[in-house]
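**Q** In order, the protein sequence lines correspond to chains A and B. If you read the first sequence in our numbering, its first letter stands for residue 388, the second for the next number, and so on. If you read the second sequence in our numbering, its first letter stands for residue 388, the second for the next number, and so on.
None of these hints come from the bench; they were simulated from the model. Not one of these hints is a red herring.
A pair holds if it fits inside one copy or across any two, identical chains being indistinguishable in the list.
Derived pair list, reagent style BS3-like, types lysine-lysine, alpha-carbon separation capped at 25 Å: (1) 391 <-> 783; (2) 391 <-> 512; (3) 504 <-> 469; (4) 391 <-> 788; (5) 512 <-> 788; (6) 788 <-> 469; (7) 512 <-> 469; (8) 504 <-> 788; (9) 667 <-> 469; (10) 391 <-> 504.
Listed here are the chains, written in short residue letters.
There are 2 protein chains.
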Amino acid sequence: MGNKGNLVVGQSGGPTAVINSSLVGVIHEAMQHDAIGAIYGMVHGVSGVLHEEFIDLRQESAETLERLRYTPASALGTVRYKLHSADYDRLLDVLMAYDVRYFLYIGGNDSMDTAHKVHLAAQAKGYELYALGVPKTVDNDLAYTDHCPGYGSAARFVATAVRDTGYDTEAMGESSPVKFIEVMGRNAGWLTAAAALARVEPNDPPQLLYVPECGVSLEQVVNDVRYWYETIGHCVVAVSEGMRNEQGEEIGSGFGQVELDAFGHARKGGVVETLEAIVKAELGVRVRHDKPGYLQRSCAALASPVDRAEAYLVGQAAVREALAGVSDRMITLERQPGPTYAVTTGLAPLAEVANAEHLLPREYINAAGNGVTEAFLEYARPLIGEPLAPYARLAKHAVPKRLAE
Amino acid sequence: MGNKGNLVVGQSGGPTAVINSSLVGVIHEAMQHDAIGAIYGMVHGVSGVLHEEFIDLRQESAETLERLRYTPASALGTVRYKLHSADYDRLLDVLMAYDVRYFLYIGGNDSMDTAHKVHLAAQAKGYELYALGVPKTVDNDLAYTDHCPGYGSAARFVATAVRDTGYDTEAMGESSPVKFIEVMGRNAGWLTAAAALARVEPNDPPQLLYVPECGVSLEQVVNDVRYWYETIGHCVVAVSEGMRNEQGEEIGSGFGQVELDAFGHARKGGVVETLEAIVKAELGVRVRHDKPGYLQRSCAALASPVDRAEAYLVGQAAVREALAGVSDRMITLERQPGPTYAVTTGLAPLAEVANAEHLLPREYINAAGNGVTEAFLEYARPLIGEPLAPYARLAKHAVPKRLAE
Numbered sequence: 388m389g390n391k392g393n394l395v396v397g398q399s400g401g402p403t404a405v406i407n408s409s410l411v412g413v414i415h416e417a418m419q420h421d422a423i424g425a426i427y428g429m430v431h432g433v434s435g436v437l438h439e440e441f442i443d444l445r446q447e448s449a450e451t452l453e454r455l456r457y458t459p460a461s462a463l464g465t466v467r468y469k470l471h472s473a474d475y476d477r478l479l480d481v482l483m484a485y486d487v488r489y490f491l492y493i494g495g496n497d498s499m500d501t502a503h504k505v506h507l508a509a510q511a512k513g514y515e516l517y518a519l520g521v522p523k524t525v526d527n528d529l530a531y532t533d534h535c536p537g538y539g540s541a542a543r544f545v546a547t548a549v550r551d552t553g554y555d556t557e558a559m560g561e562s563s564p565v566k567f568i569e570v571m572g573r574n575a576g577w578l579t580a581a582a583a584l585a586r587v588e589p590n591d592p593p594q595l596l597y598v599p600e601c602g603v604s605l606e607q608v609v610n611d612v613r614y615w616y617e618t619i620g621h622c623v624v625a626v627s628e629g630m631r632n633e634q635g636e637e638i639g640s641g642f643g644q645v646e647l648d649a650f651g652h653a654r655k656g657g658v659v660e661t662l663e664a665i666v667k668a669e670l671g672v673r674v675r676h677d678k679p680g681y682l683q684r685s686c687a688a689l690a691s692p693v694d695r696a697e698a699y700l701v702g703q704a705a706v707r708e709a710l711a712g713v714s715d716r717m718i719t720l721e722r723q724p725g726p727t728y729a730v731t732t733g734l735a736p737l738a739e740v741a742n743a744e745h746l747l748p749r750e751y752i753n754a755a756g757n758g759v760t761e762a763f764l765e766y767a768r769p770l771i772g773e774p775l776a777p778y779a780r781l782a783k784h785a786v787p788k789r790l791a792e
Numbered sequence: 388m389g390n391k392g393n394l395v396v397g398q399s400g401g402p403t404a405v406i407n408s409s410l411v412g413v414i415h416e417a418m419q420h421d422a423i424g425a426i427y428g429m430v431h432g433v434s435g436v437l438h439e440e441f442i443d444l445r446q447e448s449a450e451t452l453e454r455l456r457y458t459p460a461s462a463l464g465t466v467r468y469k470l471h472s473a474d475y476d477r478l479l480d481v482l483m484a485y486d487v488r489y490f491l492y493i494g495g496n497d498s499m500d501t502a503h504k505v506h507l508a509a510q511a512k513g514y515e516l517y518a519l520g521v522p523k524t525v526d527n528d529l530a531y532t533d534h535c536p537g538y539g540s541a542a543r544f545v546a547t548a549v550r551d552t553g554y555d556t557e558a559m560g561e562s563s564p565v566k567f568i569e570v571m572g573r574n575a576g577w578l579t580a581a582a583a584l585a586r587v588e589p590n591d592p593p594q595l596l597y598v599p600e601c602g603v604s605l606e607q608v609v610n611d612v613r614y615w616y617e618t619i620g621h622c623v624v625a626v627s628e629g630m631r632n633e634q635g636e637e638i639g640s641g642f643g644q645v646e647l648d649a650f651g652h653a654r655k656g657g658v659v660e661t662l663e664a665i666v667k668a669e670l671g672v673r674v675r676h677d678k679p680g681y682l683q684r685s686c687a688a689l690a691s692p693v694d695r696a697e698a699y700l701v702g703q704a705a706v707r708e709a710l711a712g713v714s715d716r717m718i719t720l721e722r723q724p725g726p727t728y729a730v731t732t733g734l735a736p737l738a739e740v741a742n743a744e745h746l747l748p749r750e751y752i753n754a755a756g757n758g759v760t761e762a763f764l765e766y767a768r769p770l771i772g773e774p775l776a777p778y779a780r781l782a783k784h785a786v787p788k789r790l791a792e
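Chain A on its own, in the form it takes in the complex (with noise of 0.2 Å):
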């Protein structure tokens, strides 16, 4: 049991539908011990630490609570800032004004960072604080974890959003039979490969995806595409942002957005927007996008009850380690051997999780680089929570002709 003191929870970097989940979980945690004093929210992160701006989180009521689960964003607000090392010495000082014992900070690998230095600043002060970090990304790219809460609910919207305006196209037919859907991960393929969860039949939508740890050329995708037009008249297409050609280099901006002049010029081209523009050409077809950027991390009502469960158990799970003592480690999930899913939760060293970037294996990406393998599939699929809701298509039995042309 720590000493008696006081917790502070914050969180940072990009809002999932499940991190507050994760804020709810510490509260709740927190409440059931009396070795805890005030739980702190911290505005904005770290932010809020350097001004000050704490909220009382026990003032906060029963029903508040309970649906902040359902609720996406981050309630507490994040924050971007990359704090200088000058701002540690602050940073001790604030969390000492407050007897503050227990800091818990909920993020991707640059909120462990944050979380690892805090821990180092208070060591070096003597002052006795348990730092820990708990994981959140839809990027699903922090290592020593099986996967980040967060990224089953964004799967489960990827691979929704994929099927759905797959079957968009696939009766649009001849009108515009070819759609590109930009799907967030600069450097992890991770979202993108789950849009693979839509598929039930071997021609269902995405045909194809591609995701940036596995380059392919710009001739490649276009021969893709054709193959899968002339085969079934159509072809869906998921595209990580930071997709990359051949020769690793980023075919769109990497960053989602195509960045236009007040004159409307294009700076630089997005990804889909480009790969558009190349298979028109090519194919001589009309070529949509969709881009349903933020909606990715930010969609509760398609997030993944599995998903909220476990960002709820790691928040839980870091108020019990800090208690009994732990600091400078992130809360991860561990998945169990078994026939039937389930996951404890374990510790990582905050340093080498701040370090580590957990890409896409290479055995998770089919040979030609333009799809997933069944292993990734039986590695995501549990993390969406049930399968989508059953489509229909029509069997379609012809009517025999009766007049020529």
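Dock chain B against chain A, hints included.
**A** Positioned in the frame of chain A, the structure of chain B alone reads:
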């Protein structure tokens, strides 16, 4: 009761999340009547008639039809082919060869025009045919009907998406405080207006919305965004793809797509890219955008149950009216007076529907042209089904500061 004969049904124009529900309504109803022989589906609308591509819908399983009610896009395939006057002779030859006496066409304005001309062509040949239109459009721009099947579901998607991306923007705070979301609608602002259904508290997203019916100057947009940014720290704006300036000129390409050539140069900027660049330059803050594109019309998971049921209802009604000897009419939805939302079906002349475009009336748009009125909200609220699931915001009781900075 009409003469015994066959029925043919087709889907036309852009798919929706519930157009298959109308199709199933037609099939289920047709199966109840001995007066109807074969039930044919046109493959890709009138193109299927011209090429004698029919499928036998009586051979579809009950399970397929039941699932189809929950499957987005057009299961028969849709078409955007514009018929030439010579095509109508061929159409009639085919319909007569297949002993078709009931011609049901599910679609928007153009489809109603087609159904009307099929009716006239049959009359001119003295061929007994009952041609009816079944309304469908996410744009909600068909006249003579209270609203259009397809709209409620797209409206629910837009409200959901705007709220989710709005919470995300609020969480980001100063990191990227302004967000534009591009909504379908080249001429009609109904769908963009539906974004306002996301709002529960006065400061909720969307803080602003712009529709094609009410052009505003770019200067006003900048000032509107600045007001919200300065007042609450962020601003989320729903924008019709066909948004116009004060001279009535489209701000973007109006088609929701930035057209780039094979070298990545923009031919013309889309509306949100243009607004993003201008606001970024004028306010000096990071601006982001989402373009959910075709997901707006295809997201079955977020479809409105009310809309799905009404889509089925208009399909059923078309069969019953055809059997009752009605032709050259579109099925309409008539809202019943009274405290509880309820509709019945009615009829409108196809030619009048085909020649009209029902835009958002001025009394549904606020005086400033950047939001909607309570009258619009009352009109639209019942169409999306149950209210969106409640979200929570923290009450944020501030902790008194203990240090100076």
